[in-house]
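Chemist: Knowing the structure of chain A, use the given hints to seat chain B on it.
2 protein chains.
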Amino acid sequence: MAEGGAKGGAVDQSAQPATAQRIVDAARSLMIERDLLEVSIADISERAGTNVALVSYYFGNREGLMIAIVEGDARRAAGHLDRLLAADMTPTAKMERHIRGMIEAYFDRPYLNRLLHKLLREASPQASAKVGASFVRPVTEARRAMIADGVARGEFRAVDADLVSFAIDGACAHLFSSEQSRRTVLGDGSLDHNLIDRYVVTVTDLIVGGLLAR
Amino acid sequence: MAEGGAKGGAVDQSAQPATAQRIVDAARSLMIERDLLEVSIADISERAGTNVALVSYYFGNREGLMIAIVEGDARRAAGHLDRLLAADMTPTAKMERHIRGMIEAYFDRPYLNRLLHKLLREASPQASAKVGASFVRPVTEARRAMIADGVARGEFRAVDADLVSFAIDGACAHLFSSEQSRRTVLGDGSLDHNLIDRYVVTVTDLIVGGLLAR
Numbered sequence: 001m002a003e004g005g006a007k008g009g010a011v012d013q014s015a016q017p018a019t020a021q022r023i024v025d026a027a028r029s030l031m032i033e034r035d036l037l038e039v040s041i042a043d044i045s046e047r048a049g050t051n052v053a054l055v056s057y058y059f060g061n062r063e064g065l066m067i068a069i070v071e072g073d074a075r076r077a078a079g080h081l082d083r084l085l086a087a088d089m090t091p092t093a094k095m096e097r098h099i100r101g102m103i104e105a106y107f108d109r110p111y112l113n114r115l116l117h118k119l120l121r122e123a124s125p126q127a128s129a130k131v132g133a134s135f136v137r138p139v140t141e142a143r144r145a146m147i148a149d150g151v152a153r154g155e156f157r158a159v160d161a162d163l164v165s166f167a168i169d170g171a172c173a174h175l176f177s178s179e180q181s182r183r184t185v186l187g188d189g190s191l192d193h194n195l196i197d198r199y200v201v202t203v204t205d206l207i208v209g210g211l212l213a214r
Numbered sequence: 215m216a217e218g219g220a221k222g223g224a225v226d227q228s229a230q231p232a233t234a235q236r237i238v239d240a241a242r243s244l245m246i247e248r249d250l251l252e253v254s255i256a257d258i259s260e261r262a263g264t265n266v267a268l269v270s271y272y273f274g275n276r277e278g279l280m281i282a283i284v285e286g287d288a289r290r291a292a293g294h295l296d297r298l299l300a301a302d303m304t305p306t307a308k309m310e311r312h313i314r315g316m317i318e319a320y321f322d323r324p325y326l327n328r329l330l331h332k333l334l335r336e337a338s339p340q341a342s343a344k345v346g347a348s349f350v351r352p353v354t355e356a357r358r359a360m361i362a363d364g365v366a367r368g369e370f371r372a373v374d375a376d377l378v379s380f381a382i383d384g385a386c387a388h389l390f391s392s393e394q395s396r397r398t399v400l401g402d403g404s405l406d407h408n409l410i411d412r413y414v415v416t417v418t419d420l421i422v423g424g425l426l427a428r
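Those sequence lines, one after another, are chains A and B.
For what it's worth, the working numbering labels the leading residue of the first sequence as 1, then goes sequentially.
For what it's worth, the working numbering labels the leading residue of the second sequence as 215, then goes sequentially.
I should point out that these hints are in silico values taken from the structure, not numbers from a laboratory.
Where hints are given, some of them may not hold.
Covered stretches of chain A (in silico footprint by chain B; criterion: 3 or more residues with CB under 8 angstroms from a CB of chain B, positions within the stretch not fixed) [claimed, not checked]: (1) 25-34; (2) 55-65; (3) 84-90; (4) 131-137; (5) 161-168.
Facing chain A, from chain B, some residues (calculated, C-beta under 7 angstroms) [as the list claims (entries may be wrong)]: (6) GLN340; (7) SER342; (8) ARG351; (9) ASP374; (10) LEU377; (11) PHE380; (12) HIS388; (13) LEU389; (14) SER392; (15) VAL399; (16) GLY403; (17) LEU420; (18) GLY424.
For each residue, glycine too, the CB sits at the ideal point set by N, CA and C.
Here chain A stands alone, though its shape is the one from the complex (with noise of 0.2 angstroms):
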């Protein structure tokens, strides 16, 4: 798997050297361990079994390296989407699938909600244009396609797919916003596979429903 990232977000392998993807390997275990953004640069640097100069030297600050984590994440979804979009099946089905793959991603990867949104939110325009690009524009348009093709087939309703994109971005990581939602509504507040799976459902016939042709 070609994850992690270097300096300018580079996908080509041979520009991550292999000690710039142990620290990212090591950020992103740290984080969701900890279920914490804020771990701390010295603690990173001590898991990846380097020193705290060659996180600067690799991404500059600690904004380049939560980009990095970021930019390695969207990689790896944007294979999924590709193969997705090519194999055999329905847009239903596709649809069907990548909500799955969507809400199991945040299940697998506590982190990776926060990150985004802090990032989108709080980071330099610069940043929060990369994680838009990296992440946000490629699942957006796996999913027009995924819904035009939809559309075409007469499986869909005609829906103007990017706003259907933020609902569905929105109704796949609710659960995951806080613990202290899940535990008001739930009255429990952990995650769990048996819950995934729950959620995986609901979510899945509530969209996919709500995008089907009547």
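Modeler: Okay, now just chain B, sitting in the frame of chain A:
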């Protein structure tokens, strides 16, 4: 309108002195004008025509003031929802009206989505539990009633109302998640009445369509 909160979040009007209400109103209008949660207590006090010490007196600290703002908004939302539930309308029409109300509330009070998230995620456990109880719970309960009614009348499919509730929340809120997302997807980051109306139609058709018995 009995908005604004006093210590303890009492609903009793007499417990909400005019000064406390002025501070809440000032904070709300400054957050809207500046599109920022981090308005200083000094600026809020100045706008309210009061002094900084009264903020501590009425709200304890900044978090207390922020909770009072959310509790005021929650009382307003609960009032709307009570009237909606009591209205002589089909569950389908109620759900449409509810979705419109949520999206318009996020548009009119642009701080609300972010403030809810911030308090639910980052505030003290007591504070986040308070936000859960005052905002998340009444909305969830109203939706449970609306959905149960729709299922009983044969308008809606049998669904997991609590998980559907997360999907609805996320779908309504996500257009407001970041200017960068809007710029990336829509080519324009700004929110206006026209976009909001289109989003209301899109989300309503998607969610209600997804709930309908087929």
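Chemist: I'd like to know which numbered hints this structure contradicts. Please list them from smallest to largest.
Modeler: 1, 2, 3, 6, 16
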